[in-house]
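J.: Sequence:
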Amino acid sequence: MTLHPNPTAQTPAEQKLLAECAGPARIMFGEGCVPEKESDDNLIRASFLRDLLLSEAGLGAKGLRIRGAWISGKLDLQGARLSCDLSFTQCHFTDVLELVNARMRGLIFSGCELPGLSADNVVLDGALFIRAGTRMSGEMSLSGAHINGDVQLVDCSILSQTQDAIFAPSMTVEGSLYLGNYPYSGEVTSLTCKGALFFLSLATKHDVFVTNVATSVQDEFGAGGIFQATEEHGRDIALSFARARIEGLLFFKDNQIGRGIVNLSGARCARLRDEPEGPGASYPIRLEGLTYEGFSQHTDTSVQNRLAWLERRPEEMGFTAQTYEQLARVLMQNGQRADARSVLCGSADHWSWHVL
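For the record, in the sequence shown the residue sitting at position 85 is 85 according to our numbering, with numbers rising by one throughout.
These are calculated hints, taken from the structure and not from any lab test.
Nothing false has been slipped in among the hints.
With a straight-line Cα cutoff of 27 Å, these simulated BS3-like cross-link-like pairs (lysine-lysine) come out:
(1) K62 to K16
(2) K194 to K253
(3) K37 to K16
(4) K194 to K37
(5) K253 to K205
(6) K74 to K37
(7) K62 to K74
(8) K194 to K74
(9) K74 to K16
Derived Cβ-Cβ restraints for the label pairs, each shown as a range:
(10) E247 to Q333: 17 to 23 Å
(11) Y184 to E293: 20 to 26 Å
(12) A25 to A270: 38 to 44 Å
(13) E247 to Q15: 44 to 50 Å
(14) E275 to R337: 20 to 26 Å
(15) E293 to D51: 46 to 52 Å
(16) D125 to E277: 40 to 46 Å
(17) L159 to E316: 26 to 32 Å
Every residue, glycine too, gets a C-beta built ideally from N, C-alpha and C.
Model the full assembly from the supplied sequences, consistent with the hints where possible.
T.: Written out as structure tokens, the structure reads:
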């Protein structure tokens with residue numbers, strides 16, 4: 001990394017940051033809440049912040065930890081190599097944060113306002129947390145990102161102006177991915193999105209939790225592309241884990257897919273825990289090619305509800321015997337032999353009907 005000369009502070013907030021950045025405490029500006037407008041007490045130029053991070057000024061072991069700042073301009077860290085965490089609490093960003101091809105320890109947004117995050121191919125040696133009421137008014141792009149810890153997108157909203165709220169094909173997560181709610185805390189939180197959640201070819205070493213997530217597709221985007229509506233990145237895809245490789249549990253609960261398709265085609269997980277029926281389980285779902293070694297404890301495995309689950313394929317999708325055979329195989333392993341035979345009979349009936 002090329003070190004920059006020590007930055008020159010131009011506002012009282014920048015002077016405070018420069019004076020205190022080597023200490024262990026979080027640095028607070030103004031009242032410590034999200035500022036409604038810039039002032040001398042909260043204004044930090046993005047260019048100053050970049051120079052500070054890339055300079056010899058020196059940050060403490062805890063990295064950059066600021067609260068209540070108004071960060072003006074584009075914080076462009078494309079290609080940067082940082083050895084510290086970046087933690088922003090109750091901060092307002094005027095521009096999309098640029099982290100393409102960057103590397104750092106961890107990245108945390110708590111209660112922040114920002115117009116988007118561009119972080120394709122970013123490498124985090126720690127975790128990515130976006131939480132505590134953070135509001136993003138544009139797309140979050142994590143294509144090809146490699147996160148060596150957990151990813152938590154909980155208690156936040158991403159209201160995109162494009163087809164995708166989250167565009168994260170080929171993302172690798174060495175820990176677990178939590179969308180909507182973190183199950184190991186005492187509070188219940190959610191993720192509200194406008195636009196698709198696109199995790200095509202995701203790879204995780206542990207679990208994926210999708211809980212209390214609300215989203216729907218945007219009608220004005222996606223038409224005219226190379227994909228049909230129900231394919232890959234088609235306009236009707238609301239949530240996609242197509243071809244994902246999940247080495248632990250894939251968990252779905254209490255999600256609201258207002259309009260659009262959930263795509264699990266070609267995905268693989270060790271255990272599946274979902275809701276095959278219920279108020280929120282009415283959305284079409286692509287299951288062809290999905291493989292799972294078994295169901296998690298307390299998963300509904302009743303044959304009636306599971307057959308209805310298989311029938312929720314999009315109208316454009318034809319019958320696929322593999323989805324029935326996969327379900328029957330797992331039911332047989334569970335000792336539900338009669339149910340497994342019922343599933344295979346249902347598959348045979350469908351096959352006969354399609355042949356005729």
